[in-house]
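Trainee: Taking the hints into account, I'd like the entire structure generated from these sequences.
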Amino acid sequence: MSTDAWIGGLMESLSGAGATAEQAPGLSPARLIAIDPGAWGVLGEVAARHGCRWVAGWGEDMGESIRINACFEKAGAYLLARTAVPRAHPVLPSHTPVFPAADRPERHTQDLLGVSFSDHPDARRWTRHQAWKTSEHPLRRNFPVSGHPPEKTPPDHQYPFLLAQGSGVCEIPVGPVHAGIIEPGHFRFQAVGETVLNLEQRLGYVHKGIEKLAEGRDAEGLARLAGRISGDSTVAHAWAACMAMEKAGNITAPPRAAWLRALMCERERVANHLGDIGAMLNDIAFSFGFYHFARLREDWQRVSREAFGHRFMMDCIVPGGVAPDLPPRFIAAMRDEARALRKQIGKLMAIINDLPSVADRVRGAGVLKPEYARALGCVGYVGRASGMDSDVRRDAPYPPYDRLQVAVPVHHYGDVNARARTRLEEMAVSFDLIEALLAGLPAGPIRAPWPPPAADAEGLGLVEGWRGEILSFVRFGADGRIARFFARDPSWTTWPALELLIRDNIVPDFPLCNKSVNGSYSGHDL
Amino acid sequence: MLRILGKIQRLGIITEPLPEPDRAALEQVGEQLKARIGEIFGGSLAIREVDAGSCNGCELEIQALNNPYYGIERFGVHFVASPRHADLLLVTGPVSRHMEAALRRTYDATPEPKLVIAVGECGANGGEFGVNYASCGAVANVLPVDAVIRGCPPTPLSLMLGLLEAIGRRRVGAPGEKAD
Ligand code: SF4
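Protein sequence lines correspond, in order, to chains E and H. Residues 1 to 526 (our numbering) make up the first sequence, in order. Residues 1 to 180 (our numbering) make up the second sequence, in order.
Any given hint could turn out to be false.
List of simulated lysine-lysine pairs, DSBU-like, C-alpha gap at most 35 Å [to be verified]:
1) H/114 - E/152
2) E/343 - H/7
3) E/347 - H/114
4) E/369 - E/347
Chain E is nowhere near these chain H residues, computed Cβ spacing over 10 Å in every case [as the list claims (entries may be wrong)]:
5) 41
6) 68
7) 125
8) 147
Ranges between beta-carbon positions, derived for each pair [said to hold, decoys possible]:
9) H/144 - E/145: 48 to 56 Å
10) H/12 - E/402: 44 to 52 Å
11) H/12 - E/125: 48 to 56 Å
12) H/12 - E/145: 51 to 59 Å
13) E/167 - H/84: 31 to 39 Å
14) H/12 - E/163: 50 to 58 Å
15) H/39 - E/477: 57 to 65 Å
16) H/144 - E/172: 43 to 51 Å
17) H/84 - E/161: 21 to 29 Å
18) E/442 - H/84: 51 to 59 Å
19) E/140 - H/8: 57 to 65 Å
If you are wondering where the hints come from, they were derived from the structure by calculation, not from laboratory data. Please read these numbers as outputs of a predicted model, since none were measured by experiment. Ideal Cβ positions, reconstructed from N, Cα and C, are used throughout, including at glycine.
Mentor: And the structure:
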C-alpha cells in the first residue's frame, strides 16, 4: 500500500520555493502542488534527493500561459507538480539533468507545445520529423488539427545522430521499415566487429496526432481513441482513459464492470506474454517453442472473442463501465481454460528449460543494470527484471485490485532470461487473479449513467497494463468534451533502456534483446 | 530431443480447414489463387508487410497468419524482409506523415508487377485517425491501392480471404501505376 509520508518532507524542502498544495480530488491518488516556474529545477533536485521516480510530464496551452505538469512517485504515492510559463516566453528549467527519464518527454513537449527547457542537455527535436515546421507547435490552440502539411512530407533528414569514429567502427542504420511484421522506427548502431558500441534510436515515425485528435471528442470517442494508442494494450489504455474521465466526472463504474475490466486486462497480459515468449524463442531459432506459444496465444484469443466479441477486446471498456457482459457459461469455461493453460506452459517450459542451447542465448544477454533501470524509471517487467519492485495493482490499487492479492515477481539480474522469467511468473499471477475474479464476480449492472463532467474537471488514470504502469490524464472543456488528453505508455520508460542494455552485445542478438523489452512504437509516438 | 518429438507427435497437426460457412468460398478463391500465383508469381507469392502508422493491432493479426492454425505458407504465401523480393505490399495504418516517404520508397523498391493491399479500417479510410497534421489517412491517399481488407483489426480469417480474393481478381500482367 502507498505511503505518502515523503510528500510532507518534500514540501518542507520546497518551502521558500512558492510550493502550495492544491485540492484536486479527480487527480487522486496523486496529490497536486503548484509551484513557481523559477523553482521548477529545484523541485526536480529535491524530488531526486527524496528518491522519487519521475513518472511523466506533459503540458497544455491555457491561452495566456502554458501549463506544465510533472508526475513523481515513491512507495506507491504520487505527486503531481504543476507550474505555468507565459505563452510569449515559454522557458522552464529542465528535470533531465537529475532525471534521465525526463529527457524524451521534455523534448516531446518542446516539439508539440514550443516550450524550451533551458538547461536540457540534449535539446534535439524528438517527435517532430518534417511534417510540421520548427516554428509550429501542434498542441497550441491556434494550430488547426489539419495543420499545414506539405503536399508530400519529405523523409526526416539532418537529425544529428551521435557519431563514433575510429578504425574498425562501422555504422549500421536499420529502419524505419524493419524486416519482420513489426512497427517502424530507426535504429543507428555503431559496432566494432559484431559488438555493439552504441545504439541510438530515432522514433516518432508513427506519430498520428493522438493528443490533438482527442481534443473536442466526447467521452466515448476518447475511449475508442485511447483503445488505439497501442493495439496490443487496447484494454489497458481504454481502461486508463476511462478511469481518468470517471474520476473527473466523479462517476464510479459498477463493481461488476470493474471486475470485468480486470478480467479483460489480465487476459490481455497473458495473450501478450504468450506471444512474446514465443517470439523470443523464434529469435533464437527455436521454432518448436515459437509454434507452441503461438498456438496457445491463438487459443486464448479465440476465447476472448467468444466471450467478449473481439479477439483483443477492443472497445469493450467504455466510459462508466464495460460494453459486453460476460455470458455465465464462461465463468467455469475460463477457469478451466486458465488451469489448462498453466499446465501446458509448465510442460513446455520443462522441455525448454532443459535445453542448454536456449539457456546459452538468453542468459547474460541484454543486461539492464538495476541502477540504469532506476535512473530511467523503468516500469513493468523490464523494471521488475532489474530489481524495480513496483506494480500499480499492488502499490496504488484501484478497484477491483483493492480487494485482491497481487503477487509481484521481481528479479535482479536484468538479462533476457530475467525478463522472460518475470513474464512467465506474471502469467502465473494472472491465472490466480483470473480465478479469483471469476469466483468473486459481483452481480449487477455493467455500466453507470454518464452525466457529462463539468468544464475544467480533471482526472488521472493509473493502470498496470501488461507492459507496466500507464498514466492517463484528461481535462474536460465545455459540453462534456475533452480539452486535453495525455497518455504515457510504459514504453517511454523502456525504449531508452534498450539503448543501454544492448551495449557490448553482438548485433545478431539485437532482435532477441529488443523482443524481450518489446516497447510499443505506436504507444510511444502517439 | 525425444521429449520435443513426443510433444510434436502427441499434438499432431492443428492446422485447420476453415470454418464451414467460409469453406466453399475459400475453396473457390483458393483454386483461383493457386492458378493466379502460378501464372503471375511462379507459384509463390511474396508479401512485404509495411506498417505505415498502425496502432500495431493489425500487425498482431497479420503475424497470426503464420501461427499453426492458419499456416498461410501452405497457400504459397510467405512474408519477405525486403520489398525487392516482394510481389505484394500489405500496408497497415493510416499513413502517418512521418512514414509517407518510407512507404513511397518501399513501393518504388518493389518490382513490377506489384499489388498493394490496404489493411484495416485505418488503411481503408483512416479509421479513428483520419487525415490530420500528422496523418495522410487512407493508404490510397499515398499509393495506388488494388484492394482493401476492412476490420479493426481484420481477423486472420478475413485477412486470408481478403488476400486470396484480391489476388484472384488481379488481371495478369497489369502494370502497376506509379506512385508519383
Ligand atoms: S485498423 Fe484498427 S487495429 Fe488496425 S491499425 Fe487501425 S486502429 Fe489499429
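Trainee: A separate judgement is required for each hint: does it hold in the structure or not?
Mentor: Quick rundown of the hints versus the structure:
Taken as a hint, the residue 114 of chain H and residue 152 of chain E pair is honoured in the structure, with Cα atoms around 22 Å apart against an allowance of 35 Å. Between residue 343 of chain E and residue 7 of chain H the CA atoms are separated by roughly 14 Å; this keeps the pair inside 35 Å, and the hint holds. A hinted pair counts as satisfied when its Cα atoms are at most 35 Å apart, and residue 347 of chain E with residue 114 of chain H does not qualify at roughly 45 Å. Simply put, residue 369 of chain E and residue 347 of chain E have alpha-carbon atoms about 31 Å apart, close enough for the 35 Å limit, and the pair holds.
The claim that residue 41 of chain H is not at the interface with chain E holds, since no C-beta of that chain comes within 10 Å of its own (minimum 19 Å). Some Cβ of chain E comes within 10 Å of the Cβ of residue 68 of chain H; the nearest lies about 5 Å off, and the non-interface call is violated. Separation of residue 125 of chain H from chain E is adequate, the least Cβ-Cβ distance of about 14 Å exceeding the 10 Å criterion. Taking the minimum C-beta to C-beta distance to chain E, about 19 Å, the non-interface status of residue 147 of chain H holds against the 10 Å cut.
For residue 144 of chain H and residue 145 of chain E, the Cβ-Cβ distance of about 27 Å falls outside the hinted range of 48 to 56 Å, so the restraint is violated. Between residue 12 of chain H and residue 402 of chain E the beta carbons are some 45 Å apart, a value that agrees with the proposed interval 44 to 52 Å. Against the hinted window of 48 to 56 Å, the Cβ-Cβ separation of residue 12 of chain H and residue 125 of chain E comes to about 54 Å, which satisfies the hint. Checked against the given bound of 51 to 59 Å, the beta carbons of residue 12 of chain H and residue 145 of chain E, roughly 54 Å apart, stay inside it.
In this structure, residue 167 of chain E and residue 84 of chain H meet the distance hint of 31 to 39 Å, their C-beta atoms being roughly 32 Å apart. A hinted range of 50 to 58 Å for the beta carbons of residue 12 of chain H and residue 163 of chain E is consistent with their spacing of about 55 Å. A hinted range of 57 to 65 Å for the beta carbons of residue 39 of chain H and residue 477 of chain E is consistent with their spacing of about 58 Å. For residue 144 of chain H paired with residue 172 of chain E, a C-beta distance near 33 Å fails the hint of 43 to 51 Å.
Here the CB-CB span from residue 84 of chain H to residue 161 of chain E is close to 26 Å, well matched to the stated 21 to 29 Å. As the Cβ distance of residue 442 of chain E to residue 84 of chain H is approximately 57 Å, the hint placing it in 51 to 59 Å holds. Residue 140 of chain E and residue 8 of chain H have their C-beta atoms about 59 Å apart, which keeps the hinted 57 to 65 Å range intact.
Of the numbered hints given earlier, the model fails hints 3, 6, 9 and 16; all others are met.
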